[in-house]
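Given next are the chains, with one letter for each unit.
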Amino acid sequence: MARTRTSPSKTPPAAAAGRASSGAGMTEPKPPTDAQLAASLAQTGAAAEPTQLPPGVAGAEAVTAAAGVTGTWSTGVTVTALWSINEIRNAWMYGPTVGWKKLHNGRDGAFSALVTLASQARQTNRQINFREEADGMVYEIYLW
Amino acid sequence: MPLNQPMDLGDLRSELERTGTPWQISYTSMTALTEEERVLRLGVPPTPGLDVEHLEDSREAAAAAAASATAASVGAPTSFDLRNVGGVNYGTPVRDQANCGSCVAFGVAGTMEGVARYTRRASALPVDLSEAHLFYCHGRRAGARCGTGWWPDQALNASRDTGVTFEDYYPYTAGDQDCSGLNADWPNHLAKVTAWQYLNNNPAGMKEYISTYGSVTACFDVYQDFFSYGGGVYRHIAGSYAGGHCVTLLGYDDGQSCWIAKNSWNAGWGEGGYFRIAYGECRIESYQTCGVQGVNLRTWWPDQLILGLWSNEADANVWAYGAVRGWLKLDGSTVTTNQAMLLELAAAKAGSRPVGLFEDSGSVQQLYAW
Chain G
1 MARTRTSPSK TPPAAAAGRA SSGAGMTEPK PPTDAQLAAS LAQTGAAAEP
51 TQLPPGVAGA EAVTAAAGVT GTWSTGVTVT ALWSINEIRN AWMYGPTVGW
101 KKLHNGRDGA FSALVTLASQ ARQTNRQINF REEADGMVYE IYLW
Chain X
1 MPLNQPMDLG DLRSELERTG TPWQISYTSM TALTEEERVL RLGVPPTPGL
51 DVEHLEDSRE AAAAAAASAT AASVGAPTSF DLRNVGGVNY GTPVRDQANC
101 GSCVAFGVAG TMEGVARYTR RASALPVDLS EAHLFYCHGR RAGARCGTGW
151 WPDQALNASR DTGVTFEDYY PYTAGDQDCS GLNADWPNHL AKVTAWQYLN
201 NNPAGMKEYI STYGSVTACF DVYQDFFSYG GGVYRHIAGS YAGGHCVTLL
251 GYDDGQSCWI AKNSWNAGWG EGGYFRIAYG ECRIESYQTC GVQGVNLRTW
301 WPDQLILGLW SNEADANVWA YGAVRGWLKL DGSTVTTNQA MLLELAAAKA
351 GSRPVGLFED SGSVQQLYAW
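If you read the sequences in order, they're chains G and X.
Counting in the working numbering, the first sequence runs from 1 upward without gaps.
Counting in the working numbering, the second sequence runs from 1 upward without gaps.
Please note: incorrect hints may appear among the correct ones.
[Unchecked claim] Listed below are several chain G residues computed to face chain X (Cβ distance under 8 Å; list not exhaustive): (1) T6; (2) G59; (3) L82; (4) W83; (5) Q120; (6) Q123; (7) T124; (8) D135.
If you are wondering where the hints come from, they were derived from the structure by calculation, not from laboratory data.
Ideal Cβ placement from N, Cα and C applies to all residues, glycine included.
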């Protein structure tokens, strides 16, 4: 069967005015080398551990305000749709306030974890905070 | 330990008034004790080779050095109090060493507890460590007894190399013991210092450590007037030398030029068990000061509700936030194990069900999801 699309083209049923992503990171990925991954981590300033606190936990506001790396943070996002295709590490999530977002496709382990978090957010209707880098992909997710 | 000459509280009151009342005198939990009992509330040997008559020779210079080593010079806030960091109290309760010169165990355990909570930003972390394990097991092996006292550096080496169990595995009671009260399962219910360093004569470093890690351990010279301290910024006003003492420093204030300390004389003494002491006083910066950089735990955390899950672009780097425990990394030895743990925790989270986590050295090694 021929592949026709590498990014989702439809909006979820409830999102009448939804917007599809322009398709950053749409090409089928090749696994990065260790050096490439290390360089990517260094470039984004990715934290080795979480710094934000769950809503309602003492100190959450102060820590959340101080957190942040080079990417753009979206907070309080509800995930209402998911998409994947028979390509290596190509999965997307959809939020009514953010549109379609591709999950970072660097390594199997990290990719699986991000997909799990997005899927749990969809299943439980719990909010997420996520970090998006310049390539348009989601590199970090907090599921509350 | 030698017995000390008691002081006349009337003379102390007069001297405080004459000097502008820098701090308040009070009838404290220490006031009614005999000199024999008071000296057992201390517990740091004198600095070898240092003449008691000359302990305060460098008092003014030390105060000036601590004041000039501003917190701002090391990028730290101008004041810090572990009991109120953005409205959150990361401190643990004031204890009572009672009739034993075990202050070092309390000063070190208090520091470890504060660091364990603050570095995890987990204000409710149930980390009540066993001073009895520290003093009656590790200290005893090093020759420490209630009547001799001990040194923080030795206690910290033991806390790093062997670890300290929790209070429920060896509850503290005052009086020399042979370590027989220690629960045999203590290696599975343990806190370990990851690393520590001397901060003697380094007030800027002390401020940096306190504001970064939450607490440091410090020794100072106690004079007779200190037993009657009821509040304010303490300075030695009157009374003879009583002995060396060890406490946990959990704050400082460059505006007031003072350190904030947690004592181990119960909450009926001082400012609810705490005190403030002026920069440069009683060799607080130079006697022996030690900073702890982290505390690893090895224990079960039962009945944790998972409030958050997190991952980023790094492989096998998944963390879970337990309601009491705070953020904890899932075992990352293999991606598959990591993913299995994530899925089980996600299932528990989805159902708002409690989990049991076994933590060792900063990561989950085993879990139950009920």
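Do the hints match the structure? See the list:
no., hint, verdict
1, T6, "violated (20 Å)"
2, G59, "holds (4 Å)"
3, L82, "violated (15 Å)"
4, W83, "violated (19 Å)"
5, Q120, "holds (5 Å)"
6, Q123, "holds (6 Å)"
7, T124, "holds (5 Å)"
8, D135, "violated (11 Å)"
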